[in-house]
Amino acid sequence: DGGITQSPKYLFRKEGQNVTLSCEQNLNHDAMYWYRQDPGQGLRLIYYSQIVNDFQKGDIAEGYSVSREKKESFPLTVTSAQKNPTAFYLCATNPRREVLCSCDTGELFFGEGSRLTVL
Amino acid sequence: ELKVEQNPLFLSMQEGKNYTIYCNYSTTSDRLYWYRQDPGKSLESLFVLLSNGAVKQEGRLMASLDTKARLSTLHITAAVHDLSATYFCAVVLPLNRDDKIIFGKGTRLHILP
Chain A
1 DGGITQSPKY LFRKEGQNVT LSCEQNLNHD AMYWYRQDPG QGLRLIYYSQ
51 IVNDFQKGDI AEGYSVSREK KESFPLTVTS AQKNPTAFYL CATNPRREVL
101 CSCDTGELFF GEGSRLTVL
Chain B
120 ELKVEQNPLF LSMQEGKNYT IYCNYSTTSD RLYWYRQDPG KSLESLFVLL
170 SNGAVKQEGR LMASLDTKAR LSTLHITAAV HDLSATYFCA VVLPLNRDDK
220 IIFGKGTRLH ILP
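Line by line, the protein sequences give chains A and B.
Here our numbering is used: the first residue of the first sequence is 1, the next is one more, and so on.
Here our numbering is used: the first residue of the second sequence is 120, the next is one more, and so on.
Worth double-checking, as some hints may not be accurate.
No farther apart than 30 Å at their CA atoms in a straight line, the calculated lysine-lysine pairs in the DSS-like style are these [to be verified]:
no. : chain 1 : residue 1 : chain 2 : residue 2
1   : A       : 9         : A       : 71
2   : A       : 83        : A       : 57
3   : A       : 14        : B       : 224
4   : A       : 57        : B       : 122
5   : A       : 70        : A       : 9
6   : B       : 219       : B       : 122
7   : B       : 224       : B       : 122
8   : A       : 9         : B       : 219
9   : B       : 219       : A       : 71
10  : A       : 83        : B       : 136
11  : B       : 219       : B       : 160
12  : A       : 57        : B       : 160
13  : A       : 70        : B       : 219
Label pairs and their calculated CB-CB ranges [said to hold, decoys possible]:
no. : chain 1 : residue 1 : chain 2 : residue 2 : range
14  : B       : 159       : A       : 119       : 13 to 21 Å
15  : B       : 132       : A       : 67        : 44 to 52 Å
16  : A       : 115       : B       : 120       : 22 to 30 Å
17  : A       : 63        : B       : 128       : 23 to 31 Å
18  : A       : 69        : B       : 167       : 26 to 34 Å
19  : B       : 141       : A       : 67        : 33 to 41 Å
Treat the hints as calculated values from the structure; they're not laboratory data.
Beta carbons are placed, not taken as given, at the ideal position from N, Cα and C, and that holds for glycine.
Only chain A is shown next, with the shape it has when bound in the complex (with noise of 0.2 Å):
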């Protein structure tokens, strides 16, 4: 079945300790995200990348990394200098044709999320 797959779906992290999510997808889809959400501050958008092995930050992107070495795969690693990780990971993707046709709504089709908490 096509789809996006996250994992985990539960994280337990101690302080200081990198944790990396993982995202991967096989809808052919170009572009991907990550978005954080924190309750009452809907969603926010940490990295995006439009092609492979290119990436761009988002809002919230310190304490973050990505990379985008298949076109297939976005994993993001939550470092030790995000002081306050614990929150519920959306990887997102799009299709992102080169050129847009009317077909190419460009909305996002999210996973399943993936719940970190620091303990």
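Since the structure of chain A is provided, determine the placement of chain B on it from the hints.
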């Protein structure tokens, strides 16, 4: 900087009533999305609005877009308990060709049986 504001942020209403959620945004955009989120779950796409005057309906929900007023509405008709969820609007900020999608803070809707 694009700002997306939803109101109300919390809404408790009785079954059978009608209500409207508002989504205002600060910069020109011609694409707006509505998503639903159930507690502890991911986001589910509800509506995609791509032009001024666009109106989409699905069951008891209807969404509209006025790009001149920079306003979208999500109208709930004769609410039922199953519609209890958090609803987000999201707006595209065209930035060269690297579109950023910015979300509102969400409207938590609680429908009383």
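Taking only the CA atoms, is the gap from residue 14 of chain A to residue 224 of chain B under or equal to 30 Å? holds (29 Å)
Has the given pair, residue 70 of chain A with residue 9 of chain A, been kept, meaning a C-alpha gap of at most 30 Å? holds (22 Å)
Measuring from beta carbon to beta carbon, are residue 115 of chain A and residue 120 of chain B in 22 to 30 Å? holds (29 Å)
Is residue 9 of chain A within 30 Å of residue 219 of chain B, Cα to Cα? holds (26 Å)
Keeping to a limit of 30 Å between CA atoms, is the pair of residue 224 of chain B and residue 122 of chain B held or broken? Holds, at about 10 Å.
Between residue 57 of chain A and residue 122 of chain B, is the straight-line Cα distance small enough, at 30 Å or below? holds (18 Å)
Do the beta carbons of residue 159 of chain B and residue 119 of chain A sit within 13 to 21 Å of each other? Since residue 159 of chain B and residue 119 of chain A have Cβ atoms about 20 Å apart, the given range 13 to 21 Å holds.
Please verify whether residue 9 of chain A and residue 71 of chain A have alpha carbons no more than 30 Å apart. holds (22 Å)
Residue 219 of chain B paired with residue 122 of chain B [C-alpha distance capped at 30 Å]: Between residue 219 of chain B and residue 122 of chain B the Cα gap is close to 12 Å, so the pair holds against 30 Å.
Look at the Cβ atoms of residue 141 of chain B and residue 67 of chain A and judge whether their distance stays inside 33 to 41 Å. Between residue 141 of chain B and residue 67 of chain A, where Cβ atoms are some 39 Å apart, the hint holds.
Given the hint that residue 57 of chain A pairs with residue 160 of chain B, does the C-alpha gap stay at or below 30 Å? The given pair, whose Cα atoms are some 25 Å apart, holds under the 30 Å limit.
Quick one, are residue 70 of chain A and residue 219 of chain B close enough, alpha carbons at most 30 Å? holds (21 Å)
Of the numbered hints given earlier, the model fails hint 10 alone.
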